[in-house]
Amino acid sequence: MTIAGMPLSLSVGTNYGKSLALSSGKPFIPIHHMEAHALTVRMVEKVEFPFLVLLVSGGHSLLVVAHSIDHWSIIGSTIDDAPGEAFDKSQRKEVLDIVMPTVKRSAWYAHSEAIFQTMLCSEDQKERIWGVERILAIRGDGDPETQLGDSSVRTRRTPDINCDAFSIVDLISWSEDVSEPPLTCSLSTSEGARRLKLRNIPECAAMSGGQAIEHLARNGDPRAFEFPTPMSKYRDCTFSFSGLKNALIKTIQRLEMEYEIEGGTVLPQVEDICASYLYAVTKHLVRQTHKAMIYAATRELLPLQNQNLVLSGGVACNQYVRGALQKLCTHTGYQLFCPPPKLCTDNGIMIAWNGMERWKAKSGVLYTKEEIEAVTCQPRCAIGEDLTEDVRDLGISVKKWVKF
1 MTIAGMPLSL SVGTNYGKSL ALSSGKPFIP IHHMEAHALT VRMVEKVEFP
51 FLVLLVSGGH SLLVVAHSID HWSIIGSTID DAPGEAFDKS QRKEVLDIVM
101 PTVKRSAWYA HSEAIFQTML CSEDQKERIW GVERILAIRG DGDPETQLGD
151 SSVRTRRTPD INCDAFSIVD LISWSEDVSE PPLTCSLSTS EGARRLKLRN
201 IPECAAMSGG QAIEHLARNG DPRAFEFPTP MSKYRDCTFS FSGLKNALIK
251 TIQRLEMEYE IEGGTVLPQV EDICASYLYA VTKHLVRQTH KAMIYAATRE
301 LLPLQNQNLV LSGGVACNQY VRGALQKLCT HTGYQLFCPP PKLCTDNGIM
351 IAWNGMERWK AKSGVLYTKE EIEAVTCQPR CAIGEDLTED VRDLGISVKK
401 WVKF
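Residues in the sequence shown are numbered consecutively from 1, following the UniProt record's numbering.
The hints are simulated quantities; they were obtained by calculation from the structure and are not laboratory data.
Please note that the accuracy of each hint is not assured.
[Claimed, not checked] SDA-like cross-link-like pairs, simulated, lysine to any residue; straight-line CA separation at most 25 Å:
| no. | residue 1 | residue 2 |
| --- | --- | --- |
| 1 | K26 | W359 |
| 2 | K362 | L301 |
| 3 | K403 | R287 |
| 4 | K369 | T388 |
| 5 | K360 | P340 |
| 6 | K18 | Q378 |
| 7 | K26 | Y16 |
| 8 | K250 | E300 |
| 9 | K369 | N15 |
| 10 | K46 | W353 |
| 11 | K362 | A21 |
| 12 | K18 | R380 |
| 13 | K403 | A297 |
| 14 | K400 | N306 |
| 15 | K360 | P50 |
| 16 | K360 | V44 |
| 17 | K327 | S397 |
| 18 | K399 | P228 |
| 19 | K233 | P222 |
| 20 | K369 | K400 |
| 21 | K360 | T376 |
| 22 | K18 | K250 |
| 23 | K46 | Q378 |
| 24 | K362 | I372 |
| 25 | K400 | H331 |
| 26 | K327 | M231 |
| 27 | K18 | S397 |
| 28 | K26 | E48 |
| 29 | K26 | M231 |
| 30 | K400 | I349 |
| 31 | K360 | T332 |
| 32 | K399 | I74 |
| 33 | K46 | A21 |
| 34 | K403 | N219 |
| 35 | K360 | E48 |
| 36 | K403 | D221 |
| 37 | K360 | E371 |
| 38 | K233 | R287 |
Kindly generate the complete structure, drawing on both the sequences and the hints.
Laid out in structure tokens, this is it:
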């Protein structure tokens, strides 16, 4: 993978892949992170081009039309936070309370072993690492022999910018084991996002934020609390989740004052809060996708028959979201396709499959030394042409929203 992702991982992976291709005389196929997510379903289901894709994860929210292996059109994207972030960061406690006294606001230069460990950690851990990196981006000299907590990662001085990893994987793991106070790991700086404290609930201790919210929401009332519907006055397919997170923060703060909540105590209405919040996020996803379907029909981007919606990305694991989108598809005549949960989050299989699709289509395969050496990683790169302005100009109107 060389396109769209965390700079460190992309750089290390790209350099290694190029070296391997050149030394073995094999072709090199650059892969776009989002494209790989969108195409994964074709490995397990028969989904023909063109089709509509809703890609939702901790770092992305995209509505895209996949015309072919090398032709993509963006219908909607997020202007702030992604849905996975809205889920996950609503349940975590700020890790910097632990991290800051330990690292003393220094920049840590990682050894190659630490970088390798970073690449092997979970996507959830990588999000934490890069969030801390953004917060602690104050360059300085790290003590070459300093150990972070009880971790095995030692910092090293290096002039190589690609090794500037701020690698604190073990520090993150170490901080989760601290017994006093009972903190959970988070990079969210908002006050309310630190206060659901779902990891203080034994059954949720090992779950991600999204998993914990979905789990607790099953026994909650989705109408107990009213959260705003983002972008409700705009006739486009743009996503926005920051308003929802702020509304959640205010709700938690108000309830904590009412119940005089202190320390690690969990709110008594936590299940209702989770259910209402999950409903609000899902409602936003469904409505924007509904408008995308109308736009695709108006611009004749998809066939009249066999219209397909592919849901992918980490949030696609959420069964409540899947169920709501299934109701939308039933209402609009679409067929919903989702990869197996284990293939929704970032994984190597999707990259390999994307490479095979491009190999079969003879698209984007590099053979010569000059072509391969010219490849650079692109942390931020659009998946295709941007049609969001045209969507906005069209002014999409929905006569009847789908209920779920």
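Evaluation of the provided hints:
1. K26 / W359: holds, 12 Å
2. K362 / L301: At roughly 24 Å apart (the allowed maximum being 25 Å), L301 and K362 satisfy the hint.
3. K403 / R287: Judged against 25 Å, a Cα distance of about 10 Å means the pair holds.
4. K369 / T388: violated, 37 Å
5. K360 / P340: holds, 23 Å
6. K18 / Q378: Holds. K18 to Q378 sits at ~15 Å (cutoff 25 Å).
7. K26 / Y16: At roughly 13 Å apart (the allowed maximum being 25 Å), Y16 and K26 satisfy the hint.
8. K250 / E300: Violated: K250 and E300 sit about 43 Å apart, past 25 Å.
9. K369 / N15: holds, 14 Å
10. K46 / W353: holds, 14 Å
11. K362 / A21: Roughly 17 Å separates the two Cα atoms, so the pair holds.
12. K18 / R380: holds, 20 Å
13. K403 / A297: holds, 21 Å
14. K400 / N306: Since the Cα atoms of K400 and N306 sit roughly 22 Å apart, the hinted pair holds (cutoff 25 Å).
15. K360 / P50: holds, 17 Å
16. K360 / V44: Roughly 17 Å separates the two Cα atoms, so the pair holds.
17. K327 / S397: holds, 19 Å
18. K399 / P228: The hint holds at about 20 Å.
19. K233 / P222: At roughly 23 Å apart (the allowed maximum being 25 Å), P222 and K233 satisfy the hint.
20. K369 / K400: With Cα atoms ~56 Å apart, K369 and K400 exceed 25 Å; violated.
21. K360 / T376: holds, 23 Å
22. K18 / K250: violated, 49 Å
23. K46 / Q378: Violated. K46 to Q378 sits at ~31 Å, over the 25 Å cutoff.
24. K362 / I372: Between K362 and I372 the Cα gap is close to 16 Å, so the pair holds against 25 Å.
25. K400 / H331: holds, 10 Å
26. K327 / M231: holds, 21 Å
27. K18 / S397: With a Cα-Cα distance of about 48 Å, the restraint between K18 and S397 is violated, given a limit of 25 Å.
28. K26 / E48: Violated, at roughly 29 Å.
29. K26 / M231: Cα-Cα ~48 Å, so violated.
30. K400 / I349: violated, 39 Å
31. K360 / T332: violated, 33 Å
32. K399 / I74: holds, 24 Å
33. K46 / A21: violated, 31 Å
34. K403 / N219: holds, 20 Å
35. K360 / E48: The given pair, whose Cα atoms are some 15 Å apart, holds under the 25 Å limit.
36. K403 / D221: Holds, because 16 Å separates the two Cα atoms, which is no more than 25 Å.
37. K360 / E371: Status holds; Cα separation ~19 Å.
38. K233 / R287: holds, 12 Å
Hint violations for this structure: numbers 4, 8, 20, 22, 23, 27, 28, 29, 30, 31 and 33, all remaining hints satisfied.
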